[in-house]
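S.K.: Each chain is listed here by its residues.
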Amino acid sequence: MVMRVKPENLRGAANICSDGGKHPLAAMFGADETHRGGGLAIYCLFYNTEKRSLDTVKAEFPADGPLNYPCLTTLLPAAAWYERELHDMFGFIPENHPDLRPLVLHESFPKGFHPLLKRYNKDFQVRGSRQYEMIAANGEGLYEVPVGPIHAGIIEPGHFRFSQAGEAMLQLDAKLFFTHRGIEKAVEGKTPMEALHMVERICGACTVANTLSFCQAVEKLSDAQVPKRAWLIRTLAAELERLYNHVGDTGNVCAGVGFSPVISMGARLKEYLMQLDEVLAGNRFLRGLIIPGGVRYDVDEHILEEIVEVLHEVEKEYINIEHIMWEQNSFINRVRTTGVIKELTAFELAMVGVGARASSLTRDSRKDMGYGIYDEFDFNVVTESSGDVEARIKVRIAEVKESLKIVRQVITALRYDNSTEIAVDLGTLRTLEGSWGISESARGDNVHWLMLDEEGRIDRLFVRSASYPNWPALTIAVQGDIIPDFPLINKSFELCYACLDR
Amino acid sequence: MLKIIEAILAKRIVTENVKTTGDKRMRGQLNNMYGKNYTCCGACVQVCPVNAITLVDGKPEIDYKKCIFCGRCVEVCAEKVLQHSNKEALAEILTDAQVEVKEMVTAKLGRSLHVRHVDAGSCNACDFEMCALSNPIYDLHRYGIAFVASPRHADMIMVTGVVSRNLEQALRMTYEAMPEPRLVMACGACAAGGETYGSTYAIVGKVSDVVPVDIAVPGCPPRPSAMIVALCAAADLLKERM
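Protein chains in written order, with numbering that gives the first Met the number 0: chain A, 0 to 501; chain B, 0 to 241.
These aren't lab readings, by the way, just hints derived from the structure by calculation. For clarity, every value in this text was computed on a predicted model and none was experimentally measured. Any given hint could be a false lead.
[Stated by the list, open to error] Dumping the calculated DSBU-like pairs for lysine-lysine here, alpha-carbon to alpha-carbon at most 35 Å:
(1) A:K189 - B:K23
(2) A:K219 - B:K79
(3) A:K404 - B:K23
(4) B:K2 - A:K341
(5) A:K315 - B:K86
(6) A:K227 - B:K79
(7) B:K86 - A:K189
(8) A:K404 - B:K10
(9) B:K58 - A:K184
(10) A:K404 - B:K2
(11) B:K79 - A:K189
(12) B:K10 - A:K400
(13) B:K23 - A:K400
(14) B:K18 - A:K315
(15) B:K10 - A:K315
(16) B:K58 - A:K189
(17) B:K86 - A:K227
(18) A:K400 - B:K18
(19) A:K50 - A:K189
(20) B:K18 - B:K58
(21) A:K404 - B:K18
(22) A:K400 - B:K2
(23) A:K219 - A:K366
(24) A:K315 - B:K2
(25) B:K23 - A:K227
(26) B:K23 - A:K315
The whole structure should be built from the sequences, with the hints applied where relevant.
M.R.: Here it is, written out as structure tokens:
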């Protein structure tokens with residue numbers, strides 16, 4: 000369903016589509032249609048779990064008209080960062096927006112530079128001096144702690160500005176998008192196949208999720224049916240990706256409290272899982288496996304046997320790790336009631352993934368959207384209610400077990416499946432039609448929206464990774480906790496920078 | 000507490016010797032399988048998304064600094080002369096002298112290399128593999144190599160990712176903050192070749208466009224073993240500069 004409205008009616012339409020928040024905002028992005036005789040447009044996507052679909056509202060701005068519209072943020076707080084991005088990338092002006100500072104484009108870009116317009120200033124050398132002010136609290140005895148973008152560990156770049164009252168964090172402002180590479184612009188004018196290697200490289204740890212969302216968006220533009228065997232192998236890859244992420248993160252969250260034995264154990268198990276990925280896809284991050292129309296490699300009994308063996312070993316040790324963690328009172332003391340996200344906050348920010356499920360929200364696109372062949376498998380969506388670091392660790396641990404359950408069912412299905420077709424030719428793709436794909440990454444659902452131009456080349460690709468709606472939650476979760484808890488809280492969300500920054 | 004001790008004792012030593020070959024499906028270095036009478040159809044040059052292949056005397060030459068090991072060239076090769084091996088492409092300064100890893104390790108003991116990581120716009124795959132270097136299986140510390148918290152403590156920065164506009168200044172400042180002698184390693188296809196995403200408004204280029212690079216490590220991402228080989232080579236290079 001696409002609802003087309005005038006800019007001044009976007010707010011009303013969004014209110015109807017969100018249905019009092021029952022249908023959360025999934026994505027909000029702009030598109031430039033001036034080269035086709037149109038104007039600019041803003042698309043809003045809303046989850047509709049009853050219909051297992053995304054509802055679309057499109058606000059159409061007349062060509063050369065003003066780019067003002069009443070902002071959605073005051074109605075739907077989840078829109079806050081999307082609208083800042085719209086302001087940066089297209090020059091839209093959401094009226095009454097509480098915080099229209101830059102988001103994506105930092106100081107070195109000139110003012111009035113809107114790269115996602117089709118007619119933008121192509122002089123890459125041009126440098127500017129935009130302001131990017133960090134928000135800080137003022138008052139007697141308060142002070143600021145700046146951290147990043149180059150950190151002390153091996154992690155991705157982000158700048159954090161803490162406003163401190165002694166040990167307690169009063170406020171946190173995060174400056175992200177340091178690894179912004181302009182991928183959405185880079186894929187413009189390319190065929191889906193030419194863009195595939197870039198989509199695979201939006202993020203390392205979400206390679207399968209991003210590729211799967213993109214491929215589904217492409218496949219919706221064709222009448223061809225992706226073979227069942229391809230979906231089995233895709234599901235296998237998606238769950239293996241979730242496993243190495245979750246298992247590694249279980250160990251890694253302990254780095255936030257210096258709990259060394261478990262860090263090593265988690266890292267070791269993760270390594271075994273990544274070596275397994277190379278057996279399946281020829282790459283430790285499962286790159287080069289999934290293509291529009293299916294997959295590139297089949298599996299044989301030898302590979303399935305190896306997967307079964309490694310997972311058996313990993314599961315045994317993983318259960319041991321779990322016991323070790325929960326028998327340390329000093330560990331429980333650090334993680335319980337730390338970094339709390341209340342259910343209402345998670346709801347209003349339209350959070351996804353582990354972050355949402357640890358705050359009572361039953362959101363999982365594998366169930367809600369039923370993409371691929373997930374309906375054929377038996378698994379549960381695990382939730383916790385306390386919304387703290389402990390809850391997020393518990394959800395993650397339970398999801399590892401559910402994932403193992405799915406993988407075993409997939410392997411059985413693959414053994415009984417006699418077909419050999421693993422990819423289908425998609426033929427000519429429909430053009431000038433908006434199409435979306437969704438997949439559940441280890442961090443939550445990953446939405447790609449795609450439109451092809453008349454020649455079948457990418458006109459607009461919008462990537463809303465799972466980390467996008469969860470990043471703003473981090474800055475809320477830390478409030479009131481002490482600053483040494485920040486790494487712990489940060490790791491408990493385990494958000495990608497690269498996925499967000501694109 | 001007993002469970003921790005039990006778990007630690009049960010596993011003993013899991014650290015493995017470094018192998019520069021992977022599983023048989025691994026897409027590694029391209030095998031040189033063309034004979035004298037063969038003329039390349041050029042399809043590989045056309046299909047390569049990162050412009051890593053050029054024709055020299057009618058034969059494809061691969062620039063491993065740019066290659067992302069996606070396997071498209073192998074797929075389109077009409078004569079099936081291009082094939083992936085399961086060998087890693089090794090760091091640039093090592094390509095002439097394929098030093099036996101074991102000998103190298105022995106030679107390295109007793110020296111040190113302190114490394115600061117700089118993510119200049121990576122997709123985090125290289126960063127993940129760098130983290131893996133510290134796991135018990137690769138145990139980077141046994142080579143006398145350690146990651147440090149500040150460029151002030153570092154002999155080398157290990158840069159991952161294509162340099163983004165938003166990180167260009169941070170990369171320059173980190174480089175300038177290092178004491179002499181200092182090395183720069185461009186780790187992975189983005190940092191070394193810079194072609195992964197083409198050129199956009201948000202990308203400055205490969206690392207050597209911003210700061211001088213001493214060692215380039217191929218791979219997308221380089222496997223941890225390839226990184227270890229490159230780091231050992233860097234320790235050698237540092238000794239020469241001392």
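S.K.: Hint by hint, say whether it matches the structure.
M.R.: Verification of the supplied hints:
1. Between A:K189 and B:K23 the CA atoms are separated by roughly 32 Å; this keeps the pair inside 35 Å, and the hint holds.
2. A distance of roughly 33 Å separates the Cα atoms of A:K219 and B:K79; the hinted pair therefore holds under the 35 Å criterion.
3. Restraint check for A:K404 and B:K23: the C-alpha separation of about 28 Å stays at or below 35 Å, so the hint holds.
4. Only pairs whose Cα atoms come within 35 Å are accepted, and B:K2 paired with A:K341 is accepted, the gap being roughly 34 Å.
5. Note on A:K315 and B:K86: the hinted pairing holds, with a Cα-Cα distance of about 32 Å set against a maximum of 35 Å.
6. Only pairs whose Cα atoms come within 35 Å are accepted, and A:K227 paired with B:K79 is accepted, the gap being roughly 29 Å.
7. Distance restraint check for B:K86 and A:K189: the Cα-Cα separation of roughly 31 Å lies within the 35 Å cut-off, and the hinted pair is therefore satisfied.
8. For the given pair, A:K404 sits about 26 Å from B:K10 by alpha-carbon distance, which is consistent with the 35 Å threshold.
9. Straight-line distance between C-alpha atoms of B:K58 and A:K184 comes to about 34 Å, which keeps the hinted pair within the 35 Å bound.
10. Restraint check for A:K404 and B:K2: the C-alpha separation of about 26 Å stays at or below 35 Å, so the hint holds.
11. About 27 Å separates the Cα atoms of B:K79 and A:K189, which keeps this hinted pair within 35 Å; it holds.
12. Restraint check: the Cα-Cα separation between B:K10 and A:K400 comes to about 22 Å, which is no more than 35 Å; the hinted pair holds.
13. Note on B:K23 and A:K400: the hinted pairing holds, with a Cα-Cα distance of about 29 Å set against a maximum of 35 Å.
14. Between B:K18 and A:K315, the direct Cα distance comes to roughly 27 Å. Compliance with the 35 Å bound is thereby established for this hinted pair.
15. A hinted pair counts as satisfied when its Cα atoms are at most 35 Å apart, and B:K10 with A:K315 qualifies at roughly 13 Å.
16. Between B:K58 and A:K189 the alpha-carbon distance is near 27 Å, which keeps this suggested pair within the 35 Å criterion.
17. Between B:K86 and A:K227 the CA atoms are separated by roughly 33 Å; this keeps the pair inside 35 Å, and the hint holds.
18. With a C-alpha separation of about 32 Å, the suggested pairing of A:K400 with B:K18 holds against the 35 Å cut-off.
19. Taken as a hint, the A:K50 and A:K189 pair is honoured in the structure, with Cα atoms around 32 Å apart against an allowance of 35 Å.
20. Taking the CA atoms of B:K18 and B:K58, the gap is near 30 Å; set against the 35 Å cutoff, the hint holds.
21. Distance restraint check for A:K404 and B:K18: the Cα-Cα separation of roughly 33 Å lies within the 35 Å cut-off, and the hinted pair is therefore satisfied.
22. The straight-line distance between the Cα atoms of A:K400 and B:K2 is roughly 21 Å, inside the 35 Å bound, and the hint therefore holds.
23. With a CA separation close to 19 Å, the supplied pair A:K219 and A:K366 stays within the 35 Å bound.
24. With a C-alpha separation of about 14 Å, the suggested pair A:K315 and B:K2 falls inside the 35 Å cut-off, and the hint holds.
25. Between B:K23 and A:K227 the alpha-carbon distance is near 26 Å, which keeps this suggested pair within the 35 Å criterion.
26. Taking the CA atoms of B:K23 and A:K315, the gap is near 27 Å; set against the 35 Å cutoff, the hint holds.
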